[in-house]
Structure formats: C-alpha cells, structure tokens
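Asks: Spelled out from the first residue to the last, the chains are:
Protein chains: 2
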Amino acid sequence: MLSADFLLDTTMQDQDPMAIIKELRLRIDQEIESFFNECIPKNLDNIGKSVSKLITEFTLSGGKRLRPIFVIMGYRLFRNADERIFRAAISIELAQSYLLIHDDIMDQSETRRGKPSLYVRARSLVNAEPEIVNRVSQNIAIIAGDLADALAHKALLTSGLEAENLIRANLLLSDIIETTGYGQLIDIDSAYNKNFKQNDLFRMHIYKTAKYTIEGPLMLGAILSGTNENLAPLSYYGSLLGTAFQVYDDILGLFGKEDETGKSVKSDVNEGKKTLLMLKAMEKSDEKDRAFILKCLNSGNISDMDFDRLKKIVVDTGSYDYSLKIVKSMSDKAIEYLSMINGDKQVKDFLKGLAYYVIDRKN
Amino acid sequence: MLSADFLLDTTMQDQDPMAIIKELRLRIDQEIESFFNECIPKNLDNIGKSVSKLITEFTLSGGKRLRPIFVIMGYRLFRNADERIFRAAISIELAQSYLLIHDDIMDQSETRRGKPSLYVRARSLVNAEPEIVNRVSQNIAIIAGDLADALAHKALLTSGLEAENLIRANLLLSDIIETTGYGQLIDIDSAYNKNFKQNDLFRMHIYKTAKYTIEGPLMLGAILSGTNENLAPLSYYGSLLGTAFQVYDDILGLFGKEDETGKSVKSDVNEGKKTLLMLKAMEKSDEKDRAFILKCLNSGNISDMDFDRLKKIVVDTGSYDYSLKIVKSMSDKAIEYLSMINGDKQVKDFLKGLAYYVIDRKN
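Protein chains in written order, with our numbering: chain S, 249 to 611; chain C, 249 to 611.
Just chain S, same shape as in the assembly (with noise of 0.2 Å):
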C-alpha cells in the first residue's frame, strides 16, 4: 500500500512537484476504491449493484484528480497532512462524476474521457424496446448523477475530521455546486442570449471554472484545516488561476495540437462556444466578418476553410493576443495573492509550480 508518507512528512522540500502529482493521483485513486468497498451497500438488488458499478468505474476511469489535489494542497498550506483528509479529498472527484454524469446527458455526449459516457454504458442494463431504450437509461443517469452526489457529501462527513470544520466545509461544497449549476445555466443561455457580453463570459468562468476546479477545492482544504488565517487571498488565487485556466483553455481548443488536447480544434467553434477569443474578435471586426463568426457559431459542422479564415479574423483582430494578455496578467496576479498567504512555504511554491503547469506559460 502507498503510504504517501510524504505527504504526511512536517515537508515536501526537494520533491519535483510532478512526482507529487503522480503520487498523489495514485494515492487518490485508492482512496476512491477503498470509499467505494467500503461505503456501497452490500445487499443491493442486481440494478442498484449494476448502476454502483457504472459510478465506480466512471469515478475511477481517468480524470486528473487535480480537484481533490487541490483539496489536499489547501490543507496543508495550514496543517500537516493526515489519512482524514484524503477521505475527505475525494468528495470533490464524486462531485465532479456527479456533474459529468448529468452533462453528458444535457450535452447528449456519448463519450467521456475516450470512453462511452455513462448513459451509454447504462443502455445494456435496460431491456427495453429499441425505442426506448435510450430514454430510460438517460433515466438511469440521472439516478447515477444523483447517487454520485449522495456519496460526495458522504465522503466528506465520514472522513472524520472536526465536526465544526466539516459542517463549514460541507456548507462550501453545496455552494460549489450550487454555484456550477448557476454558470451551467449562463452556459446553456449563453448560446441563445444575443446580448452575451465579455463580462458575463468571465461570470460563467468563475462559477463554472473557477469555482469548482480551483478555488472551492482550494478553500475546502483550508477550511478542513481550522485555520485562523485570512482566508483571502488564496481565494483570489484560486479564482484568477481557475479563469485564467479556462480562458487558456479556450486558447487551446481552437489553436491546440489535437494529439496534446485530446480534442478536435473546430469542436468548440461546433459546440458554438462563444468563447473570449469568439467575443473579443467579433467586437473588434467590421459587420461582415462578425457575421461570418456568428455563421460559423451556429453551422454546427465548420468547413476547413471557414476554418482557417475563422483563426485569422481570431489573430488579425488581436483578439488572440488579447486573450493570451488576459491568461498572463490573470496568472501573474494568482502568484501575487499566493505571496500573501501566511502558510507552508513549500506548499506555496508547489501551488506555483501548478499555476504554470495549468498554464504552459512558453505559449
């Protein structure tokens, strides 16, 4: 068994932070497994034991596990490490299976992480007519996407940490959700909203992003550690390092090598994702060309031609060198707030590390 001793050492000096990552991941991953083992019910009918099986694998299949890294990170700015809070870490991954489950339902995506989504997976539970089929293991999802929920909270309150941190913590990690579901909700009307404005964009990116990737991690961890310090800044961190994480995303997706990203570069401009590269190049182009952006948003299917004239409207307007001012000055400002913060110092520099890891700074 990994001990992830050094985690649980008073110092992480001289660890490359890469290695901590990998060791991490693998000590989350059993974590998970063990959660699993331990916490579904033993005498479930066949379809609840079914369904338990979906949720294992699709929680243990892939995934960065940067959420609950996170988690660990904020913690131990504060406080040593122990076994409780990896129990606790784990919440945030069950969260995120929760959320995946039911987007892609809501994206009717049929895969997830190069796998069958789980909805997918679930049709050879239901023996159905063809016709309907589809409809009822959407159905079963839905049940699985709440199942993950369930065990989320679960996680986090049989972790065993004070009961006083845990109510707080529990309180944030239904705010996380709350608040992913109210920038899912700008996501969904963003695509229909004409007035869709670069404010907004940012909005959507601190509740979708920011808040559930980085900083609500981030703050679940500190506040498991009962510390006094002012908890601030590492909120501020987390928030700008999370938008600027998307934004430099969204770079990606559209200017991204596709072995390195995992996806296709039209597939956002498909989506119809009106990203600040899409928004910053309409605002600074004449009528024809925003046109031409906005046909492109709503094909569905872009040619490789509109293509590449997309990408230069993108570069000749500077809304590609604006976006990438933005991931930079955002990143900058992160590592500012993280100086400011009055904790473990090697945790600090490895939050540093991780601000250029999430963003390759060489582009």
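Treat each hint with caution, since some may be false.
Residues of chain S placed beyond 10 Å of chain C at every Cβ, according to the derived structure [said to hold, decoys possible]:
(1) S282
(2) L308
(3) R327
(4) E379
(5) N387
(6) A398
(7) L419
(8) N476
(9) G504
(10) K505
(11) T509
(12) K511
(13) Y585
Straight line, CA to CA, 30 Å or less: simulated DSS-like cross-link-like pairs of lysine-lysine [stated by the list, open to error]:
(14) C/K297 <-> S/K521
(15) C/K442 <-> S/K290
(16) S/K297 <-> C/K521
(17) S/K514 <-> S/K573
(18) S/K445 <-> C/K514
(19) C/K270 <-> C/K532
(20) S/K581 <-> S/K593
(21) C/K581 <-> C/K445
(22) C/K543 <-> C/K442
(23) S/K270 <-> S/K581
(24) C/K514 <-> C/K576
(25) S/K290 <-> C/K521
(26) C/K442 <-> S/K301
(27) S/K521 <-> C/K301
(28) S/K270 <-> S/K596
(29) C/K442 <-> S/K297
Hints are computed from structural coordinates only; laboratory data are not their basis.
Note that beta-carbon positions come from the ideal geometry of N, C-alpha and C, so glycine has one too.
Start from chain S and add chain C according to the hints.
Replies: Relative to chain S, chain C alone:
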C-alpha cells in the same frame, strides 16, 4: 407572523392533530419562503434568477408537508422544539423538490400537483429553435434539481443546531437521497424484470417511499435532538407505516374515488405499475387471467371493459383482501413499535393519530 408557539410549548395537549398539521404547514411554508429569500444570491444573472424563481414556486406550490412535519415530530419526541428545527426540517422538502423535478423529467410528466412541471415551465426561458426547446428546458430542469439538492443541504447545515448532530443528520439526509435513488432504480427495472416478486416490491416501497417519506424524516428529527434513546422502534414504526402507506395508496389508486385521490383510477394500470394488487392477483389466478393482467399492464391505455374485468380478478383472487390485510397488520405493528419509544407522550399520540390519518382505517 405565526409563532408556532404550540410547538415551542412543552406540551401539545388538547390539540386536535389536524389543527396541528394545518398550523405546522403554514409555519413550514413561511420557513421555506424566508429561506429562499435569504439564501438565493442577490447578484445572479437573469437566467439564474428565473430558474431560482421556478424552484421557489415549485417548492411552495402544494405539497402536504408531511415530511418536514415528521422531522419536527422526531425532534419533538425527545426535546422541546425551537426555531432551529423548522429550518432543518425544510431540508427534506427541498430534497423532495430535487427528486420530483428530476422525476418529472424521467417520467415525461407534464404536470405536478395540478400545475405544469418544472421542465415545462422552463420552456418559457429558452429562446431557441422550437425543435430543441424541449431538450434545453429539460437540461435546465436537471440543473434546477441539482440546485434544489444543494439548497437542501444548506438549509440543514445553516439551522444552527449542534455540529455533531448536524454531521449525523446530514449523513442521514445523503443516505435518504441515496436509498431513494436505489428504490427508483428498482422501479425502473420492475417494468422489464419478469422475475419481479413481492419481496422486490416491498424493498422498493421501503427504499423509495418509506425511507424518504416517514422513516428518514422521523430519524432525521430524532438525530437532530441529540437523544441517546434507542431509535430502533422509531425506525420500525416509520418503515412499517411508510410501506403500509404505499400499499394503501396503490389500493386507492385502483379502487379509490377520483375526486378524493386526485388522479385517474386507471393511471397506475396505464403506467404498468406492478403493485401488490397485481402481483398477488397474478400469483393466484390461472394462466389465462395472468396473461390478461400482463396485457392490461402493457396496454398503456386500458378500456373500461378490461378495467372492470381486471378489478374483478383482483377481488376474486383475494388479492384485494390480502393487500388490505397487509396494510392493517403493518400499521398495527407500527403502532405497537410506537409504544416502545421512550419519548414525549403527546407526540406519540399525535404519531398514532397520523398512522390513522395516512391509512384511513375505515376502508
């Protein structure tokens, strides 16, 4: 403002149970309203505001509030009530909204409590092409359900009750939601499972109805009171009464008066529900009648003539009497367990009255 003084008093003596229920309902609705006023963020985007409003209206429109009343009674059995238990009690009503909002999507049910279901109401928020409005409004409703769930946890955790009790109660709340999910899965499976037997049905009733309608809420209240009394009899009371309630509900569903039950006597059959009435009738009838029952359950739209024949089979096979006997013996047993609880005498009398209220023993 309604004071709910009668519950803050040390006794509920000389109070008519129906008068208590009526007054409690008003107090609970008031608590739900003030919770939403306090808890919904003020700075939401338009779409967030609109969806919050839908959740608020959905939660406030109708509903008998039996679940929060059971929470309050579970608490009041062992400890004098105070304002905090009302806030904690509405968590189960918000969890109810969560489950019903998702349920209506799963069942494609256009109405709930005589009004349009949430996903139907969400259509007015979608400015999209007509062919995708339904899909997008269902996506909004999936998120609305998830939001209601986050709010359920928040209501409990902000009640101000003792931290240790809150941890245990929130674990139970998660457990209630989880168990209900497993029950819903059995329900989905029952339609296609040819080996669905009486035992599966009772497990479904315990998971899907008893746990989250009676047993869970009562235990939630008891745990929040912080009592050290043995809670097993209370749990048995809840499980038995909840199961009896569901079986009786199924009897009314077939033999009740439509103006009293508020739904068509044919709807259970048209939905293909394998109720105890149906299972027992199939068990006790010859092959021809068994095939006829299955045909009725698969018809989706039973004729008046077939419906009369079906009811006659249910009566002639003794299935009607058998079901009624089960209801009576379970509720008798529930009342027996009630007497073993070492708690407030008036509350026990009230719970005894409720056992007669939820199952009209005149039938």
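Asks: It remains to establish, for every hint, whether it holds in the given structure.
Replies: Right, here's what the structure says about each hint:
1. S282: 18 Å, holds
2. L308: At about 19 Å from chain C, S/L308 clears the 10 Å cut-off, so the statement holds.
3. R327: 19 Å, holds
4. E379: 13 Å, holds
5. N387: 4 Å, violated
6. A398: At about 4 Å from chain C, S/A398 fails to clear the 10 Å cut-off, so the statement is violated.
7. L419: 5 Å, violated
8. N476: Correct as stated: the minimum Cβ-Cβ distance to chain C is 17 Å, above 10 Å.
9. G504: 28 Å, holds
10. K505: 31 Å, holds
11. T509: 25 Å, holds
12. K511: Per Cβ check, S/K511 is outside 10 Å of chain C; nearest 21 Å; holds.
13. Y585: 22 Å, holds
14. C/K297 <-> S/K521: 22 Å, holds
15. C/K442 <-> S/K290: 23 Å, holds
16. S/K297 <-> C/K521: At roughly 22 Å apart (the allowed maximum being 30 Å), C/K521 and S/K297 satisfy the hint.
17. S/K514 <-> S/K573: Between S/K514 and S/K573 the Cα gap is close to 23 Å, so the pair holds against 30 Å.
18. S/K445 <-> C/K514: It is violated: about 52 Å lies between the C-alpha atoms, which goes past 30 Å.
19. C/K270 <-> C/K532: Measuring from Cα to Cα gives roughly 43 Å; hence the hint is violated.
20. S/K581 <-> S/K593: 18 Å, holds
21. C/K581 <-> C/K445: 23 Å, holds
22. C/K543 <-> C/K442: 13 Å, holds
23. S/K270 <-> S/K581: 27 Å, holds
24. C/K514 <-> C/K576: 24 Å, holds
25. S/K290 <-> C/K521: 27 Å, holds
26. C/K442 <-> S/K301: 23 Å, holds
27. S/K521 <-> C/K301: 27 Å, holds
28. S/K270 <-> S/K596: 18 Å, holds
29. C/K442 <-> S/K297: 18 Å, holds
Against the hints set out earlier in the document, violations occur for numbers 5, 6, 7, 18, 19.
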